[in-house]
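> The primary structure of each chain is shown beneath.
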Amino acid sequence: MGPYLLKRLLATIPVMLVVAVFIFLLLRLTPGDPAAMIGGDYATEAQIDEIRQTLGLNEPLLTQFVIWIGNILQGDLGESFFFKKQVSELIVARIEPTLSLSLVTIIFTVAIAVPIGVLAAYRHGSWIDRIVMGFSVLGFSVPVFVIGFGLIYVFSLQLSWFPVQGYNRIGNGVTPWIHNLILPALALSVIFVAFIARMTRTSVLEVLGEDYIRTARAKGQTETKVLMRHALRNAAVPIVTVIGFAFAILVGGVVVTESVFNIPGLGLLTVDAVLNRDFPTIQAVVLLFSLVYVMINLAIDLSYTLLDPRIRY
Amino acid sequence: MASQALSPGRQTMRRMVRNTSVLIGGILVALICLMAVFAPFLDTLDPNQMSTSTRLKPPGYEGVMKIYTDEGRVKVPVLYRMGSDNLGRDIYSRVVYGARISLVVGLAVASISIILGMVIGLVAGYFRMLDAVIMRIMDGLMSIPAILLAIAVVSVFNAGMTSVIIAIVVPEVPRVVRLVRSIVLSIREEPYVEAAITAGTRVPLLLYRHVLPNTVAPLIVQGTFIVASAIIVEAILSFLGVGIPADEFPTWGNIMGTARENFQLHPHQILFPGIILAVTVLAVNMLGDGLRDTLDPRFANRM
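Sequence order for the protein chains is A and B.
Here the first sequence is numbered in the numbering used here, starting from 3 and rising by one per residue.
Here the second sequence is numbered in the numbering used here, starting from 42 and rising by one per residue.
Bound conformation, chain A alone (with noise of 0.2 Å):
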């Protein structure tokens, strides 16, 4: 395992590198002035050439790279063009409510999608079976922003259930906090449980067939034990495949959840970026995202060893 783990995380390194480079030189081929944007309008040549010696822009490209990845690694992020603030800052400033939604999301992905899709394969051919498979062509297919504003059209103006926008800091208490992000979470868990349902159904209903359900059948099982305990534990492995794959769907759903319900994540955060053209903070974003992307598919290959003990490295 010791080797094995070392050997993985030297593998990440080579695809972060491909990662800082493209976001590099996308943003740097710009057709704008840095210098100049960070100046704004009323900056004169002279204070421009000078933001441009603090930055090293006068540098050749590969030194301008270099000199970036090495206060990257610092934990410098430089600073905002917009915000004017340390872009290190802004991202701990807005970690809490995307790292909320997300949380909120996956339990409620998991609560709902895993027994729909237990229940799917174990009636195979039923109507629920086809209610499920159903919801999750819709799931895939329905823009998570429509799903948002009918929840709020629903829940909130119609309903007045729950607040239509914002967020309330956890610091503020658990009931504000969970009655701000079940709408939002919701509304970005109906991708995913479209997603976690089908699979479970096609990985249980593949364990269903085997030798050790119906010997535990025949030992006089409980069906939820059976169903539980020797059919669900089995069919993980698949499942817990698709989790990479889910989280990259995760962030693009954030990015929007956020925009809808106006929560001041970070995805919020990267649009603000966008549409004010402040790269810093792009590439930071996009760097950290992927990141953590690149070590959650990590933690997913060893995490097989745990789930599925004949897979060993």
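Please keep in mind that the hints were generated in silico from the structure rather than gathered at the bench.
Treat the hints with care, as some may be off.
To be verified - So, partial list: chain A residues that the calculated Cβ filter (under 7 Å) puts toward chain B:
(1) Pro16
(2) Val21
(3) Phe84
(4) Phe110
(5) Phe157
(6) Val253
Unchecked claim - Among chain B residues calculated to face chain A with C-beta under 8 Å, some are:
(7) Ile175
(8) Met176
(9) Ile178
(10) Leu189
(11) Val197
(12) Gly201
(13) Ala276
(14) Val283
(15) Pro286
(16) His307
(17) Met327
Ideal placement from N, C-alpha and C gives every residue a C-beta, glycine not left out.
Based on these hints, arrange chain B on the given structure of chain A.
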């Protein structure tokens, strides 16, 4: 007996027509295409025509548009089937014309990413030397979440149709490359490819004649799913205000983006384009699911 007489192509056609998802999805997609093509004849107005006196009207509102032309002010009676937006534009016309953008973006993204992905994938799958380099670059691109990558690309260019298409193509290409490469890797071990190599077939001809045909079915299926995801991503970008500007072309995404501020009082402005967007994506996805089952059973098992 009858089915034996049919060529494999005709048999596939038969299976496709008998498949319910292909049928329903196909009919819906065809209807939306017709709506896009015949948009001017569906009793629509100029979708960008503003009218300050009839702003934010409810669905079914009958009023008078005051249009300023070179000859002066003209009054035109108008029926706002789906209401009007914050600038008095007819939402029904904008929704109908919006189909054009969604379909153009979807088709453009799918064809460009498939062509690029196919070329890169064939090269990566066939030339061992380049494979490692190309695949590391693709892995890197794939580790940036797609919507984030599209947003980053779009932030570099000016907002508009071309930049939106480029922004959606960039994250799609690596996925096509992976698919093509995996097919090439399995095909090149086949006896008939080895025979062709022994017979002295040159690499370009070998790829064209023996490898390429095997990628067609999976790529048609993949292409359909790319169309669906491109339509969603375009809508998301335009909704967020970083995609196609609302005063340039109406798109389902930017109609909803415009309507956001007035959502509490005029929710229908978001619900109408939202529903048609969802139906379109659903139709394309159904078509894709059905095509996967009929054209490429092996691919269906891989999912």
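> Could you tell me which of the numbered hints above are not met by this structure, giving the numbers in increasing order?
The structure conflicts with hints 3, 4, 5, 7, 8, 12, 15, 16, although it agrees with all the remaining ones.
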